[in-house]
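Participant: If you follow the hints, you should be able to join the two separate chains into one complex; please do so.
Here is how the chains run, residue by residue.
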Amino acid sequence: MIWPTQHQPHQPPAAPGPWTDQRIEIWVGVMLRTGVMLAAAIVLFGGILYLAHNHGPRPDYSHFAAEPAHLITFSGILHGVAALNPESIIMLGLLVLIATPVARVVMCIVGFLFERDRLYTVVSTIVLLILLYSLFLHK
Amino acid sequence: MSALDFSIILLISSLAAGLLGALSGLGGGVVIVPLLTVIFHVDIHYAIGASLVSVIATSSGAAAAYVREGFSNIRIGMFLEIATTLGALVGAWLTTRVPTHAIGVVFGMVLLYSAYTALRHHREIITQRPDPLALRLRLQGTLPTGPDTHQDYVAQRVPAGFGLMTLAGTLSGLLGIGSGAVKVIAMDQAMRLPFKVSTTTSNFMIGVTAAASAGLYLRSGYLAPALAMPVMLGVLVGSLIGSRLLVRVHVRTLKIVFALVIVALGVEMIINSLRGAL
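Going down the list, the sequences are from chains C and Y. Residues 1 to 139, numbered by our numbering, are exactly what the first sequence covers, in order. Residues 140 to 417, numbered by our numbering, are exactly what the second sequence covers, in order.
Okay, chain Y solo, but in the shape it has when bound (with noise of 0.2 Å):
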């Protein structure tokens, strides 16, 4: 295959993975890995580099679409900065030590907890009990819930949260992913934040927790250019695409549909991993 047909090969495909990502609402960066490693053969060194670019390019692409919402909420998002950005170094340090094989283990892990939980119902839950420590660090804010109805909202259990946040930035710089799944369960689920508020603050926060790993991965040569441009370029575009697209389809099926290439992938990482052929 020659360097263009690949390139373009490349491009299509994560077109297709930022689009898809985008329309259901489970993001591109979590297959560009699995679509690298075990379709074209690409080591996982490079492809998390790859990935992580990407993760950066539509989290700052997508960001003022968010912004117009008025749903994010900037210091809870900064506060658990904090915590992402922490686990990001620790995370990006882990793959130059951790073997192969265990990175696409964990990688597969994450693929089918991603697609369980795209797939789940979800459940709302909102406590209005002050937080001591949520007040101190002013974690609360106002949902616009209507033309002149709003709802206040204040978070709950701000360690737990602080922790699976923790626990985020780790496999963000250990995976080359976004873990949107995980920042928005620490959000929703720990700190009872409503679920509008916590995707959105999320992906306000995956393209700073993605770059506390990038310096790390460069100076590792993750980052090889000539994969990283038809991947960031197509995963950019496909998104933007998605994100404007007035979704005509049922969103419920096309999840599904999504949820199931995501298995797939995460179970054949795992057994090219067992395997030893990753």
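Bound conformation, chain C alone (with noise of 0.2 Å):
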């Protein structure tokens, strides 16, 4: 990753008004910022409860053996979410953290939409319907 280390000064938040490229980036850094402060809050949580509940040694992750059938589908996190389970609570806060960027998409293409956009309401729709591909059908 590469991040740019200054700081330029800051432009004003564009006024209310016709909808700009500027104004869906703030709407999306503004929402971003929410999604990933919520994810980080149960990811916490999570952790504090499960570091409450095992006192014993470190888990082994030298060897490689996918997670239990619980803790890798959405419906098996919700369920363990609903019993309090720790883990569980820590991949709920995650699936917050991937939902964000999907949600980032989906406020481009309302955008683009209020912009009258055609050709970029296609684009965008063409990486949400790869993003939800990603997330319920690739094998």
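Among these hints, one or two may not hold up.
To be verified - To give an idea of the chain C side of the interface with chain Y (calculated C-beta under 10 Å), a few residues:
1. Val36
2. Leu95
3. Leu131
Because the hints were derived from the structure by calculation, they are not lab data. What you are looking at is a predicted structure, and each value in this text was computed from that prediction instead of being measured. Glycine included, C-beta positions come from ideal geometry on N, C-alpha and C.
Facilitator: See below:
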């Protein structure tokens, strides 16, 4: 990942009015930050519960054996959360995190629709379809 | 080592990785996998799972800061995300087929290459010759260069950029990294976009690209919650602190130090993989 290390003077937030790329980006930025903070809070809560319940030695990750069935499906994770299983709660946080970029693409589709930009509404929809395929169908 | 000690050590190491990654501009994600595999002896599949979620967290967490700068181009980013997400599908699929040591060798080579790109002197190549395909796709924009000045740009060599982005996506899915280095090369070297546009748009694209691998990682059981928890929280907090710190340290020195760490980890990963110890 490449990070710019210089911060430029901030631009004022876009005023209400016609939809512009800058305005879409500001909304998207706020949503992404909120999503990440929510995800981090859920993961932290699950992590504290996990550490409160597990005083034993560290788990051995040196040999790969896929995670158990209840931690690799959406329904399994939600059932675990209902039962307050700490690992399931951490996984819920990770699912919220994974959902943030997907929500970003959805917001861009809406923004481009408001801008009446047909081409980029289609482009964003293609990206969303690839993401949904990857999340639910990819084998 | 108890579960608590292990989590705390992972949290601190990941925080340092995220902080150094943000300060040096290299990103912390790229060192998480070698850190977990070489130092903590974690299987590479769990390591790429934990790394991938940290990559999504840093990309989304930093988004607000990038938006304020006004350099990123959402149209160019969205168009190229078709390439990176398709590539990520292939890369994530490859992790279930390719032997572990092969993933390790590819990872080591990507680490060495990232260190090389970080240290090489950057040359800006801006061409104003309009590219017909880029104009039809409106892959253009305006970069603020001062209070009243700006610079217009149009993407060049769109197919080459699209191809490199597919490669970036494949590496992201195969290795659980953001592949920011390859994304930036696709934009600033192949498509001749301004460097600032390339880096900020790349950061915006990293989260969407990584999300395209997450589904298969989840179903394949790579996401170990107790491992991903301290890593994701550490990298996120470290990178947020790093991106907010007014950089008093010498960025060039920091880059060299971090690049040397990356080279050492890359060599270690290649040797371990060839020995079959990964």
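Participant: Are there hints from earlier that the structure breaks, and if so, what are their numbers?
Facilitator: No hint contradicted; all consistent.
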